[in-house]
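Based on the provided sequences and hints, a complete structural model is requested.
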Amino acid sequence: MSPNPHEVRIEHQQAQELLLQSAVQPLAAESNELLLKHLSACGTCATEAESMENILKQLRSVPVFASVELVRTTQARVRARANDIQKEHARTAPMLLACGLAVLLALISTPLAWMGFSWVGEEFNITPFMLIISFILFYLVPAGASIMIAVVNHRKTQEEMARR
Amino acid sequence: MSSYILTAPLWMEKEGARIARGLRKRDSELLDRLIELYQHRLLRYLYFLTGRKELAEDIFQETWMRVLERGHQYNGKSRFDTWLFAIARHLVIDNSRKKTGVSLEAMTEPDDGRTPMEFACQRTSPYEDVSKAQIAGQLNTVLMQLEPVQREVVMLRFQEELSLDEIADVTNAPLSTVKSRLYRGLEALKPALGDLMDFELASTSRGGKK
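Protein chains in written order, with this note's numbering: chain A, 1 to 164; chain B, 1001 to 1210.
Check before you lean on any hint, since a few could be wrong.
[As the list claims (entries may be wrong)] Calculated pairs, BS3-like style, for lysine-lysine (alpha carbon to alpha carbon, straight line, at most 25 Å):
id, chain 1, residue 1, chain 2, residue 2
1, B, K1053, A, K57
2, B, K1077, B, K1025
3, B, K1053, A, K87
4, B, K1014, B, K1053
5, B, K1025, B, K1053
6, A, K156, A, K87
7, A, K57, B, K1014
8, B, K1190, B, K1179
9, A, K57, B, K1190
10, B, K1025, B, K1014
11, A, K57, A, K87
12, B, K1025, A, K37
[To be verified] A partial selection of chain A residues facing chain B, derived with a Cβ cut-off under 8 Å:
id, residue
13, L20
14, A23
15, L27
16, T47
17, I55
18, L59
19, F65
20, L70
21, V71
22, Q75
23, R81
24, I85
Read the hints as simulated data drawn from the structure, not as lab findings.
Glycine is no exception: its CB is placed at the ideal position from the N, C-alpha and C atoms.
Laid out in structure tokens, this is it:
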């Protein structure tokens, strides 16, 4: 009994599909066995399989190399930036500590300062409105000045980094 | 073999955790080593993603700057190379948006100012060097004919040997999309690479006769 030519063609197509699948991800054991059986019997597909293997080998061997100069430049840039970041942190840490301390001191001193302001208000007959305004300014003026100094310093640092 | 399979992920996890610790501390020595370790792979990926040597080199440097600045975001649980490629990919997309307002798919159109990659070869005979460089150049041309998204997954799968899941992570695409891009890419490569192999066979036989 001669083989059905239609069946052979379908097997051939299936083998081609399995070949492509096997290149992308490992086949299931059953499919792999089917493919191997087909390859051992079909010269065309075996050649196709060999060709696919060669294609993958070619792809794995594309020789693109980074130059020594590129690597050295990158390493130098990364080191310089790491140093900048460390310096920034070294500057920021004391400032954060100072801010924390200032908040703590403000919390402790506010009731005492308000007691002092009330006493002065009573002694010199200052209206409550003026007393509140001067109390607020007593806190806001130094804080505002500190913020302005910090902003100016930050801008200077940014300009210095941009120049580099 | 089985012991390797059992211990390899553990080793990779430890390595990942070590890298993550170093990156959090912005350890310059670790970064130097990582740059040296991944230099060729990263540049190759960038080159095939952008199709331009100068651009690939610029983004190579920017990628490492980004690794330094965003190092704390690497958790050490996944592979470092997939995280690195994802950063590089984002930078390529950002760059293409800034310059042309187009997506990755449209960014490797032919460009007059484009410098072709020079392909280095291991030291053999001068004839073999020339022949290998020619084949590498042809292979490069063939790969550049693919759509960028197909070329990217083909390179990640067969050059960088990432798993399909890892490619999906890097490209931020569903697994089914990654597979279909791979199938289409390979289908498109088959005829052109067939011609290339004929060229290689011809070169080899000429070399043999010499």
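Outcome of the hint check:
This hinted pair checks out: K1053/B and K57/A have alpha carbons roughly 24 Å apart, not beyond 25 Å. Our distance criterion of 25 Å between C-alpha atoms is met by K1077/B and K1025/B, whose separation comes to about 17 Å. For the given pair, K1053/B sits about 34 Å from K87/A by alpha-carbon distance, which is inconsistent with the 25 Å threshold. A distance of roughly 35 Å separates the Cα atoms of K1014/B and K1053/B; the hinted pair therefore is violated under the 25 Å criterion.
Simply put, K1025/B and K1053/B have alpha-carbon atoms about 32 Å apart, too far for the 25 Å limit, and the pair is violated. As the CA atoms of K156/A and K87/A are separated by approximately 14 Å, the hinted pair is consistent with the 25 Å bound. For the suggested pair K57/A and K1014/B, the alpha carbons sit about 31 Å apart, so the restraint of at most 25 Å is broken. Between K1190/B and K1179/B the CA atoms are separated by roughly 17 Å; this keeps the pair inside 25 Å, and the hint holds.
For the given pair, K57/A sits about 13 Å from K1190/B by alpha-carbon distance, which is consistent with the 25 Å threshold. In summary, the hint linking K1025/B to K1014/B is supported, as the alpha carbons are separated by about 17 Å, within the 25 Å threshold. Among the hinted pairs, K57/A with K87/A is inconsistent with the structure: their alpha-carbon atoms are about 48 Å apart, more than 25 Å. For the suggested pair K1025/B and K37/A, the alpha carbons sit about 56 Å apart, so the restraint of at most 25 Å is broken.
With a least beta-carbon distance of about 6 Å to chain B, the hint placing L20/A at the interface is held under the 8 Å criterion. For the restraint placing A23/A at the interface with chain B, the shortest Cβ-Cβ distance is roughly 6 Å, inside the 8 Å limit, so the hint holds. The closest approach between the C-beta of L27/A and any C-beta of chain B is roughly 14 Å, which is over the 8 Å cut-off, so the hint fails. Evaluation of the T47/A hint against chain B yields a violated restraint, the C-beta minimum of about 11 Å exceeding 8 Å.
Interface restraint check for I55/A: the shortest CB-CB distance to chain B comes to about 5 Å, inside 8 Å, so the restraint holds. The beta carbon of L59/A comes within 4 Å of a beta carbon in chain B, closer than 8 Å, and the hint placing it at the interface holds. Given hint, F65/A at the interface with chain B, holds; its Cβ is 5 Å from that chain's nearest Cβ, closer than 8 Å. Interface hint status for L70/A: upheld, as the beta-carbon distance to the closest one in chain B is roughly 6 Å, under 8 Å.
For V71/A, the interface hint holds, since its Cβ comes within 8 Å of a Cβ in chain B; the closest pair sits about 5 Å apart. A hinted interface residue such as Q75/A counts as satisfied when its beta carbon comes closer than 8 Å to some beta carbon of chain B; here the least separation is about 5 Å, so the hint holds. With a cut of 8 Å, the hint placing R81/A at the interface with chain B holds, because the nearest CB-to-CB distance is about 6 Å. Checking I85/A against chain B: minimum C-beta separation of about 6 Å stays under 8 Å; hint holds.
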